[in-house]
Amino acid sequence: MLSSCSSDDTTVISSDNDESITKPKGVYTSSFGNSLVLDHTQVNGALIRVKWSDIEQEEGVYDFSAISQSVSTIKLKNQKWSLGIIAGGNSPDWLTGSYGADFFEITFQNTLRKIPKIWDPKVNKKLADLANTLANEFGQDEDLQLIYIPQMTTNGIEGHFNGVTSEELISIGFTADNWVNSVKETAKIFANAFINKAIAVEIHDIMNDTSIPNRIMTDLWNDNTLNQRVGVAMWWISGKTTYQPNLVNALTDFPGDIYAQAIGRSDQTERFENNHYPTVFSQAEQIGVRYLELWEYEFTNNTFPQEFENFNDYANTHFE
Numbered sequence: 022m023l024s025s026c027s028s029d030d031t032t033v034i035s036s037d038n039d040e041s042i043t044k045p046k047g048v049y050t051s052s053f054g055n056s057l058v059l060d061h062t063q064v065n066g067a068l069i070r071v072k073w074s075d076i077e078q079e080e081g082v083y084d085f086s087a088i089s090q091s092v093s094t095i096k097l098k099n100q101k102w103s104l105g106i107i108a109g110g111n112s113p114d115w116l117t118g119s120y121g122a123d124f125f126e127i128t129f130q131n132t133l134r135k136i137p138k139i140w141d142p143k144v145n146k147k148l149a150d151l152a153n154t155l156a157n158e159f160g161q162d163e164d165l166q167l168i169y170i171p172q173m174t175t176n177g178i179e180g181h182f183n184g185v186t187s188e189e190l191i192s193i194g195f196t197a198d199n200w201v202n203s204v205k206e207t208a209k210i211f212a213n214a215f216i217n218k219a220i221a222v223e224i225h226d227i228m229n230d231t232s233i234p235n236r237i238m239t240d241l242w243n244d245n246t247l248n249q250r251v252g253v254a255m256w257w258i259s260g261k262t263t264y265q266p267n268l269v270n271a272l273t274d275f276p277g278d279i280y281a282q283a284i285g286r287s288d289q290t291e292r293f294e295n296n297h298y299p300t301v302f303s304q305a306e307q308i309g310v311r312y313l314e315l316w317e318y319e320f321t322n323n324t325f326p327q328e329f330e331n332f333n334d335y336a337n338t339h340f341e
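The numbering of the sequence shown is my numbering, which starts it at 22 and goes up by one.
It is worth saying that the hints were derived from the structure and are not from the lab. Don't be surprised by glycine CBs; every beta carbon is placed ideally from N, CA and C. Mixed in with the good hints there might be a few duds.
As the list claims (entries may be wrong) - Derived DSS-like pairs: lysine-lysine, alpha-carbon spacing no greater than 30 angstroms straight-line:
#, residue 1, residue 2
1, K135, K72
2, K209, K96
3, K138, K205
4, K72, K96
5, K135, K209
6, K205, K143
7, K72, K98
8, K143, K72
9, K205, K146
10, K146, K209
11, K143, K209
12, K146, K261
13, K205, K135
14, K261, K205
15, K135, K146
16, K72, K146
17, K138, K209
18, K98, K205
19, K138, K72
Stated by the list, open to error - Have a look at the derived ranges for each label pair, beta carbon to beta carbon:
#, residue 1, residue 2, range
20, T263, S93, 38 to 48 angstroms
21, T186, D75, 25 to 35 angstroms
22, T154, S52, 22 to 32 angstroms
23, E79, D288, 38 to 48 angstroms
24, N55, S89, 12 to 22 angstroms
25, S93, Y120, 26 to 36 angstroms
Take these sequences, add in the hints, and give me the full structure.
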């Protein structure tokens, strides 16, 4: 049985094993190069992003100093935090070198990148080591609210392959089943390491197929062993329904937790429905997003303070 109570920016769920599960809600900043954004009255917390290649340059040797330094900054501001480990082309060289994990190569942003194949069992084995070590270091921090799972994709955290054709994916052994099963395994690895934290898997259509991300998010949410801790992330919310319309509909129908990040800055007006940034907030409410990361630019320039406040009010009202 699950019961819940609420605070200003989180939902706290108590499970039968007495582990407290916190789920964040409201407005977060997706970065804080300028730490003053953490002073904004409508910011509930911040995302910390680090590359796997930076924190484990040698196999089994971990350096979490970059995370710890960022956490210290956040705690000085009495804020919460989320964690995203970036893998894919930012996985450590030893993974596909001396360790021998299978990989394929793609060119992204004029750079040739090695992408480990997540369906090679060696990859999730090492991700399990990483997850357990991270959990030992940070898992008891009550201010840590959400963990994004790393993905073996172009940018290493979002669930899609920018510019890679379906034919190319098929040629390197990609199938819907091996992808779905392996991503679900990664999510379970991190959920089982961080036993009292919310987990998110970022999704996109793959090979123009909505059934692939839909299987991932539905199967994980319905997995009774995970206590409905694994939600879905949408890092492309823009107010538009012309981009991945079937996936937008699937998210709208999804009964689980949805975490989102704006697709860009508000001054990039062409990226938003009717060139109007506030459509991000209306779409978030329509879909049922509980947590919304906005780019640091919005808080540095205090672009839409009323919309920030309104979304926090919405999240506090709807996710108690």
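Tested hints:
Distance check on the hinted pair: K135 and K72 sit about 14 angstroms apart at the alpha-carbon level, within 30 angstroms; holds. Our distance criterion of 30 angstroms between C-alpha atoms is met by K209 and K96, whose separation comes to about 28 angstroms. For the hint linking K138 to K205, the alpha-carbon distance of about 14 angstroms falls within 30 angstroms, and the restraint holds. Annotation: proposed proximity of K72 to K96 holds, straight-line Cα distance about 22 angstroms (limit 30 angstroms).
Of the supplied pair hints, the one linking K135 and K209 holds, its CA atoms being roughly 24 angstroms apart against a limit of 30 angstroms. As the CA atoms of K205 and K143 are separated by approximately 15 angstroms, the hinted pair is consistent with the 30 angstroms bound. This hinted pair checks out: K72 and K98 have alpha carbons roughly 24 angstroms apart, not beyond 30 angstroms. Distance check on the hinted pair: K143 and K72 sit about 19 angstroms apart at the alpha-carbon level, within 30 angstroms; holds.
With a C-alpha separation of about 14 angstroms, the suggested pairing of K205 with K146 holds against the 30 angstroms cut-off. Note on K146 and K209: the hinted pairing holds, with a Cα-Cα distance of about 12 angstroms set against a maximum of 30 angstroms. Restraint check: the Cα-Cα separation between K143 and K209 comes to about 16 angstroms, which is no more than 30 angstroms; the hinted pair holds. Of the pairs offered as hints, the one joining K146 and K261 is violated, with about 38 angstroms between alpha carbons and a cut-off of 30 angstroms exceeded.
At most 30 angstroms may separate the alpha-carbon atoms for a hinted pair to count; K205 and K135 meet this at roughly 22 angstroms. For the hint pairing K261 with K205, the CA-to-CA distance comes to about 28 angstroms; that is within 30 angstroms, so the pair holds. Proposed proximity of K135 and K146 is supported: the alpha carbons are some 18 angstroms apart, at most 30 angstroms. Our distance criterion of 30 angstroms between C-alpha atoms is met by K72 and K146, whose separation comes to about 18 angstroms.
The straight-line distance between the Cα atoms of K138 and K209 is roughly 18 angstroms, inside the 30 angstroms bound, and the hint therefore holds. Between K98 and K205, the direct Cα distance comes to roughly 35 angstroms. Violation of the 30 angstroms bound is thereby established for this hinted pair. Of the supplied pair hints, the one linking K138 and K72 holds, its CA atoms being roughly 17 angstroms apart against a limit of 30 angstroms. Separation of T263 from S93 is about 42 angstroms and conforms to the stated range, judged on CB atoms against 38 to 48 angstroms.
Against the hinted window of 25 to 35 angstroms, the Cβ-Cβ separation of T186 and D75 comes to about 30 angstroms, which satisfies the hint. Restraint check, T154 to S52: a C-beta distance of roughly 24 angstroms satisfies the suggested window 22 to 32 angstroms. Distance hint check for E79 and D288: the Cβ-Cβ separation is about 41 angstroms, which falls inside the suggested range of 38 to 48 angstroms. In this structure the supplied range 12 to 22 angstroms holds for N55 paired with S89, their Cβ-Cβ distance being about 20 angstroms.
The supplied range of 26 to 36 angstroms is met by S93 and Y120, whose beta-carbon atoms lie about 32 angstroms from each other.
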